[in-house]
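Chains as they are written, first to last, in the working numbering: chain A, 1 to 432; chain B, 1 to 432.
Any given hint might turn out to be false.
No copy labels: a pair is met if it fits in one copy or bridges any two.
Said to hold, decoys possible - Here are the simulated DSS-like cross-link-like pairs (lysine-lysine), alpha carbons at most 30 Å apart as the crow flies:
1) K102 to K161
2) K31 to K397
3) K267 to K91
4) K31 to K267
5) K181 to K146
6) K397 to K267
It should be emphasised that the hints constitute simulated quantities derived from the structure, not laboratory data.
Number of protein chains: 2
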Amino acid sequence: ISDGMFVRVRNMLDGMAANDIAMLLHASTPKTRAIVWQLIDSSIQGEVLEDLSEEVRNSILRTMTPESVAEAAVNLDDDDFSEVLRSMPDKVYRKVLKSMDKQDQARAERVMSYEEDTAAALMNTDTITVRPDVTVDVILRYLRLKESLPEATDYLYVVDKQDHFIGEVSLAALVTSSPTKLISEVMETDFEVIPASMHESEVASLFERYDWLTAPVIDEEGVLLGRITIDDVVDIIREDAEHSMMSMAGLDDEADTFAPVIDSTRKRSLWLGVNLFTALLAAFVSSLFESTLDELAFLAVLNTIVPSMGGVAGSQTLTLVIRGMAVGHVNEANSRWLLGKELAIGFLNGLIWAVLIAGVVALWKQDLMLGGVLAFAMLMNLISAGLAGVLIPLMLKRMNIDPALAGSVILTTVTDIVGIFAFLGTATWLLL
Amino acid sequence: ISDGMFVRVRNMLDGMAANDIAMLLHASTPKTRAIVWQLIDSSIQGEVLEDLSEEVRNSILRTMTPESVAEAAVNLDDDDFSEVLRSMPDKVYRKVLKSMDKQDQARAERVMSYEEDTAAALMNTDTITVRPDVTVDVILRYLRLKESLPEATDYLYVVDKQDHFIGEVSLAALVTSSPTKLISEVMETDFEVIPASMHESEVASLFERYDWLTAPVIDEEGVLLGRITIDDVVDIIREDAEHSMMSMAGLDDEADTFAPVIDSTRKRSLWLGVNLFTALLAAFVSSLFESTLDELAFLAVLNTIVPSMGGVAGSQTLTLVIRGMAVGHVNEANSRWLLGKELAIGFLNGLIWAVLIAGVVALWKQDLMLGGVLAFAMLMNLISAGLAGVLIPLMLKRMNIDPALAGSVILTTVTDIVGIFAFLGTATWLLL
Numbered sequence: 001i002s003d004g005m006f007v008r009v010r011n012m013l014d015g016m017a018a019n020d021i022a023m024l025l026h027a028s029t030p031k032t033r034a035i036v037w038q039l040i041d042s043s044i045q046g047e048v049l050e051d052l053s054e055e056v057r058n059s060i061l062r063t064m065t066p067e068s069v070a071e072a073a074v075n076l077d078d079d080d081f082s083e084v085l086r087s088m089p090d091k092v093y094r095k096v097l098k099s100m101d102k103q104d105q106a107r108a109e110r111v112m113s114y115e116e117d118t119a120a121a122l123m124n125t126d127t128i129t130v131r132p133d134v135t136v137d138v139i140l141r142y143l144r145l146k147e148s149l150p151e152a153t154d155y156l157y158v159v160d161k162q163d164h165f166i167g168e169v170s171l172a173a174l175v176t177s178s179p180t181k182l183i184s185e186v187m188e189t190d191f192e193v194i195p196a197s198m199h200e201s202e203v204a205s206l207f208e209r210y211d212w213l214t215a216p217v218i219d220e221e222g223v224l225l226g227r228i229t230i231d232d233v234v235d236i237i238r239e240d241a242e243h244s245m246m247s248m249a250g251l252d253d254e255a256d257t258f259a260p261v262i263d264s265t266r267k268r269s270l271w272l273g274v275n276l277f278t279a280l281l282a283a284f285v286s287s288l289f290e291s292t293l294d295e296l297a298f299l300a301v302l303n304t305i306v307p308s309m310g311g312v313a314g315s316q317t318l319t320l321v322i323r324g325m326a327v328g329h330v331n332e333a334n335s336r337w338l339l340g341k342e343l344a345i346g347f348l349n350g351l352i353w354a355v356l357i358a359g360v361v362a363l364w365k366q367d368l369m370l371g372g373v374l375a376f377a378m379l380m381n382l383i384s385a386g387l388a389g390v391l392i393p394l395m396l397k398r399m400n401i402d403p404a405l406a407g408s409v410i411l412t413t414v415t416d417i418v419g420i421f422a423f424l425g426t427a428t429w430l431l432l
Numbered sequence: 001i002s003d004g005m006f007v008r009v010r011n012m013l014d015g016m017a018a019n020d021i022a023m024l025l026h027a028s029t030p031k032t033r034a035i036v037w038q039l040i041d042s043s044i045q046g047e048v049l050e051d052l053s054e055e056v057r058n059s060i061l062r063t064m065t066p067e068s069v070a071e072a073a074v075n076l077d078d079d080d081f082s083e084v085l086r087s088m089p090d091k092v093y094r095k096v097l098k099s100m101d102k103q104d105q106a107r108a109e110r111v112m113s114y115e116e117d118t119a120a121a122l123m124n125t126d127t128i129t130v131r132p133d134v135t136v137d138v139i140l141r142y143l144r145l146k147e148s149l150p151e152a153t154d155y156l157y158v159v160d161k162q163d164h165f166i167g168e169v170s171l172a173a174l175v176t177s178s179p180t181k182l183i184s185e186v187m188e189t190d191f192e193v194i195p196a197s198m199h200e201s202e203v204a205s206l207f208e209r210y211d212w213l214t215a216p217v218i219d220e221e222g223v224l225l226g227r228i229t230i231d232d233v234v235d236i237i238r239e240d241a242e243h244s245m246m247s248m249a250g251l252d253d254e255a256d257t258f259a260p261v262i263d264s265t266r267k268r269s270l271w272l273g274v275n276l277f278t279a280l281l282a283a284f285v286s287s288l289f290e291s292t293l294d295e296l297a298f299l300a301v302l303n304t305i306v307p308s309m310g311g312v313a314g315s316q317t318l319t320l321v322i323r324g325m326a327v328g329h330v331n332e333a334n335s336r337w338l339l340g341k342e343l344a345i346g347f348l349n350g351l352i353w354a355v356l357i358a359g360v361v362a363l364w365k366q367d368l369m370l371g372g373v374l375a376f377a378m379l380m381n382l383i384s385a386g387l388a389g390v391l392i393p394l395m396l397k398r399m400n401i402d403p404a405l406a407g408s409v410i411l412t413t414v415t416d417i418v419g420i421f422a423f424l425g426t427a428t429w430l431l432l
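Bound-form chain A, shown alone (with noise of 0.2 Å):
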């Protein structure tokens, strides 16, 4: 961007919506990102932050000074708040708590003291309650005397004295009740409520299951906390469900595209040194028929076929396996029934497989033998594969290992080494 430019593209930014800009500088290259970010109204920093990514909001607080990030968070919801504070490192927490007003550092303290990932710290207080003794018309006087309502406001909730959750009142209760009947003629018992320690990832499925739009936030001894809206919870599903596809590449959920090199060398060199690690386990294996490989040079060419066709099978069922973990539909009950299942797929794809590459093999070299060992050795390998992707996920979860992030190396060490041990194991015996 050339000098120039400036004002233009401060006019376009003034224009945008604070989630428009985020997307923009996701889609920048950091000097791009430095420069746009400079250029932001600093009333709507706040937000942009918020709907930042980890890696890309941390990126840009490293060049904000402390009071102009204190000053971009406390407009926030107590939610955004909460997610920027965290994602600070402490020293720098330290000194934009200083920065803020008496006020402002008690909530900073107060989001910060719920536990992270969890309801609590999921919740805005924004939340207006009733009690249940009034008539729907003065609620409708008092509401109009507060003008406005905080957005995505689809409940009001009625609680008692000591603040203790009782029902509900929907605002479409409110408009189509007679004004003269009682808030506890019109309100909702029949009421779901969310712990205020539940995991963020079941109060994602409880709104998808049961399609809410907000939902109230209680503590142990059910007082009303505050309120989840579904625009936070449609992240948390938009990031459950991205973190399987990056954990299988050894990347981290949030990486960001734009990173710069170094940081990206870093953050990648540590699954690719996994990954050696294994490799070298596999030529280890291939060395102990280095012999044969000797006599036949063949069989060296051949030697990655198999390996490559099970770790492609093993990945299909590794896949559908972690999928069905994450959305509930595979658990111990059904996990036999789903052994057994990809057990047959395995050993049907490796006699189709088998046969196929037996007829390539003796036709291309004009020896059935080599065919038939090759054959064999990807029929083992592609049960083995479907044993393997059923049973690494099972057993990665009940050791609270993620399979999404270890799943795909251990499976691809296992079919290489089934593989090799099958094809020169059993060439060795047979055509030596």
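Add chain B to chain A, keeping to what the hints say.
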């Protein structure tokens, strides 16, 4: 499930929400699924059908008579109604249509006339419309006569005599405004509307970006057709997010974990066939160096390491780019910067692992030259992996091919072939 348990299961099912029953069916084996379906109360069957994934739904529709399908479907909202009707084979659809009454037939034909995957197919027609020249008080009386509002109603839509959409009034505005005000004074006119022909993914990203709960749908003339609610959008967000992961493993988005073995085998075998072809291609490349392998059998042992590392590094880049394109962060404008970045990462990671592998092999075989050859091949392949990881999805997208589906096969073919050429080619040149 034994005979005596039927009653107990039926009682349990009667107490469950449609969404919970759908969850149970997804997690059941085909046999249990058929039994459970029989025990579900027919009044809720339609709702359960709508909550099922396409594959599971079809497996159940196949077991039902056209009459019971019609009965279950007509109670659904427009968008769910059209989804269930669309998922039937043509022949079944015609039979189901025949067993509906005239009014439902007309409705079925209307919802089926909308193009699939558009805003129109997602919308419901349960909007409440008001005129601009009446007072808030008149509207409140009108709503009290209605006694209840459609689910998730947060806005009333303001239309003129020809049903053109001219503004919207939130329930929040209704309850906070003075009853004597005109609707035209309290309505919002800086609204955003959704054209009926907009693609559902774009609808989802608008909802996500602007935190909408509902949004009006209009035709080209600006006539209000209906509204879209966030619960249907959440489903699309989840499907879109899962699509990439499933496609990368060559699986259907909605693949049924518990489908019959033959179905699953058939669906997965295509992907394995494609992979077998690429594995044979890699084997063919290796066979070009058969005489080299004949002389130095140990090269065969190491031949899998470089392609494997290239595959992993390339998948990381590919996954990032595919996700980046799906959420709109990666585009033509920033792809050149991204290519430069990924090449740099490939070079740096290539250097790190080249040095390490050279050390390992030099120690293992006491052969510095062999280590050097392997290191060179590693560097070359990780650079190509970065290049391929960015360019392949961009090119596929330009050709209108889904990068998530075809990307990983093409990528591993490239990294396999480059890896083998770089390693065996250099070895032939330097070591023989």
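- Message: Within a copy, between copies, both or neither: which one fits K267 and K91 at a CA-CA cutoff of 30 Å?
- Response: Classified as within: same-chain Cα gap 23 Å, cross-chain 54 Å, threshold 30 Å.
- Task: Could you place K397 and K267 in one of the four classes (within, between, both, neither) given a Cα distance threshold of 30 Å?
- Result: Classified as both: same-chain Cα gap 24 Å, cross-chain 27 Å, threshold 30 Å.
- Task: Please work out whether the CA atoms of K102 and K161 approach to 30 Å or closer within one copy, between two copies, in both situations, or in neither?
- Result: This pair counts as within: shortest intra-copy Cα distance 29 Å, inter-copy 55 Å.
- Query: What label fits K31 with K267 when the C-alpha limit is 30 Å: within, between, both, or neither?
  - Reply: within (21 Å within a copy, 46 Å between copies)
- Query: Between copies, within a copy, both or neither: which fits K31 and K397 at Cα up to 30 Å?
  - Reply: For K31 and K397, only the inter-copy Cα distance (27 Å) is at most 30 Å; the intra-copy one is 41 Å.
- Given a CA cutoff of 30 Å, do K181 and K146 count as a within-copy pair, a between-copy pair, both, or neither? Close inside one copy (21 Å) and across copies (16 Å); limit 30 Å.
Violation of the numbered hints given earlier is absent; every hint is satisfied by the structure.
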